[in-house]
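S.K.: Could you put together the complete structure from these sequences and hints?
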Amino acid sequence: MKDFTLRRTSLYIPGNNPGMLVNAAVFGADSVIFDLEDAIPLAEKDSARILVRNALRSLRYPGVEVTVRVNSLSTPFGRADFEEIVPLGPSAFRLPKCERAADLREADELITELEGRSKIPAGSVKIIPIIETALGGSNLLEIARSSDRIVALNYGAEDYTADLGAVRTREGRELDDIRARTVMAARIAGVQALDSVFTDVNDSEGLFAEVVRIRELGFDGKSVIHPRQVAVVHRAFTPSDREISFAQRVLKAMEEAAVKNSGVLSLDGRMVDAPVVAKARKILALAEAGRGVKKEGTRHEE
Amino acid sequence: MIRERRGQAGSLESCDALVIVELSEEKKGILLELDSPSLLSYEEAMKSAVIETLCSLGVADALVKIQDRGSLDCTLRARVETAARRALAFQKHGGTI
Chain Z
1 MKDFTLRRTS LYIPGNNPGM LVNAAVFGAD SVIFDLEDAI PLAEKDSARI
51 LVRNALRSLR YPGVEVTVRV NSLSTPFGRA DFEEIVPLGP SAFRLPKCER
101 AADLREADEL ITELEGRSKI PAGSVKIIPI IETALGGSNL LEIARSSDRI
151 VALNYGAEDY TADLGAVRTR EGRELDDIRA RTVMAARIAG VQALDSVFTD
201 VNDSEGLFAE VVRIRELGFD GKSVIHPRQV AVVHRAFTPS DREISFAQRV
251 LKAMEEAAVK NSGVLSLDGR MVDAPVVAKA RKILALAEAG RGVKKEGTRH
301 EE
Chain R
1 MIRERRGQAG SLESCDALVI VELSEEKKGI LLELDSPSLL SYEEAMKSAV
51 IETLCSLGVA DALVKIQDRG SLDCTLRARV ETAARRALAF QKHGGTI
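Residue numbers (the working numbering), protein chains in the order written: chain Z, 1 to 302; chain R, 1 to 97.
The hints are simulated quantities; they were obtained by calculation from the structure and are not laboratory data. Among these hints, one or two may not hold up.
Just the calculated beta-carbon pair ranges, DEER-fashion [claimed, not checked]: (1) R:Glu33 to Z:Ala285: 51 to 57 Å; (2) Z:Ala274 to R:Leu57: 54 to 60 Å; (3) Z:Ile120 to R:Pro37: 35 to 41 Å; (4) R:Leu57 to Z:Gly165: 45 to 51 Å; (5) Z:Ala285 to R:Leu31: 54 to 60 Å; (6) R:Asp61 to Z:Tyr61: 35 to 41 Å; (7) R:Lys65 to Z:Arg173: 50 to 56 Å.
Below, simulated DSS-like cross-link-like pairs (lysine-lysine); rule was C-alpha separation at most 30 Å, straight line [stated by the list, open to error]: (8) R:Lys47 to Z:Lys45; (9) Z:Lys279 to Z:Lys252; (10) Z:Lys260 to Z:Lys282; (11) Z:Lys45 to R:Lys65; (12) R:Lys65 to R:Lys28; (13) Z:Lys279 to Z:Lys260.
No residue lacks a Cβ here, since even glycine has one placed at the ideal position from N, Cα and C.
M.R.: Now the structure itself:
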């Protein structure tokens with residue numbers, strides 16, 4: 001994996017809302033998305049772009065990754081978004097409507113040119129492509145591999161299902177295929193897989209159940225549209241006591257095996273190999289991020 | 001007759017400011033009407049933000065009306081810039097946009 005930034009939650013913040021932009025760091029999300037695209041009416045594209053640029057220039061956001069969803073370069077707004085925002089060095093661009101590797105290469109080249117012009121380190125602005133069409137879905141792997149800037153793959157459930165002509169359900173069966181393929185393409189490319197939004201902000205149970213499921217599928221995080229969804233997603237991403245305990249025992253057994261210089265490792269009669277160790281490390285990292293583990297390894301009460 | 005070359009940006013929501021910039025053809029400088037709950041503490045800083053932003057866009061003569069709702073400096077500057085750019089675009093395109 002190229003990048004270990006924790007992205008359990010990516011919180012959308014409308015780029016034309018100064019109150020939310022100013023307070024973006026207080027909602028507890030791992031990553032925030034200042035949105036210049038779908039949250040902004042056409043007549044306000046200019047004002048959102050200027051406001052987000054000024055916020056990035058003047059404000060500090062400690063402890064949160066700041067990303068910007070710019071408009072696609074195929075729209076009349078995309079190029080101006082890139083030109084105004086790249087010089088401020090956001091952590092990443094979220095690129096909507098990605099359909100082909102060529103879309104990503106065009107964006108990569110423009111970012112490289114703008115990084116050079118504004119004297120910020122080359123390659124510092126990462127890219128998280130958003131797949132929102134059937135064509136994009138069918139080209140996931142070539143998209144994932146199209147640029148070294150890519151750190152995660154994301155898909156947009158509403159646009160994607162609209163393009164397919166699928167019906168949205170609470171259970172999300174219509175997303176089974178794109179979810180499986182997003183995770184697979186992300187793993188092949190060595191990047192994170194991020195799930196789309198859950199739109200009913202009043203249905204915390206439905207959100208929790210969905211996040212448990214997408215975590216089981218292999219996703220590393222989920223986009224959220226309301227601050228109240230952040231804690232629910234983080235709770236669902238926090239491993240269970242049993243997972244944590246097993247992971248701790250795996251690492252301990254591995255250390256003991258290293259001391260004894262024994263190559264093969266077993267725990268409870270089961271073979272422990274590199275993927276099991278890697279999973280154990282990931283679980284403990286998630287547990288710590290959820291503040292689920294004290295130093296001595298016991299769990300905090302919620 | 002002097003054609004109206006006017007741009008507006010922002011809102012009356014909390015933390016925002018509603019800004020109207022009317023470009024003037026007469027050399028009157030910047031006329032500023034500022035209404036804000038923060039005037040007592042920040043009037044001078046706010047005036048500087050407005051003047052600096054307009055100067056950076058080459059606007060020297062304009063009537064600027066601001067209804068501030070507790071905006072931060074970066075927000076006020078953004079709203080003034082957007083309103084001024086809209087007024088300038090209106091001027092450039094002869095009011096056709």
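S.K.: Take the hints in turn and mark each one as holding or not.
M.R.: To see whether the hints hold, each was checked on the structure:
1. R:Glu33 to Z:Ala285: 51 to 57 Å: holds (55 Å)
2. Z:Ala274 to R:Leu57: 54 to 60 Å: Holds, at about 59 Å.
3. Z:Ile120 to R:Pro37: 35 to 41 Å: Given about 37 Å between the Cβ atoms, the range holds.
4. R:Leu57 to Z:Gly165: 45 to 51 Å: holds (47 Å)
5. Z:Ala285 to R:Leu31: 54 to 60 Å: Holds, since Ala285 of chain Z and Leu31 of chain R (Cβ atoms, about 58 Å apart) stay within the stated range.
6. R:Asp61 to Z:Tyr61: 35 to 41 Å: holds (38 Å)
7. R:Lys65 to Z:Arg173: 50 to 56 Å: holds (54 Å)
8. R:Lys47 to Z:Lys45: holds (26 Å)
9. Z:Lys279 to Z:Lys252: holds (14 Å)
10. Z:Lys260 to Z:Lys282: Answer holds: Lys260 of chain Z to Lys282 of chain Z is near 25 Å, not above 30 Å.
11. Z:Lys45 to R:Lys65: holds (22 Å)
12. R:Lys65 to R:Lys28: holds (15 Å)
13. Z:Lys279 to Z:Lys260: Answer holds: Lys279 of chain Z to Lys260 of chain Z is near 23 Å, not above 30 Å.
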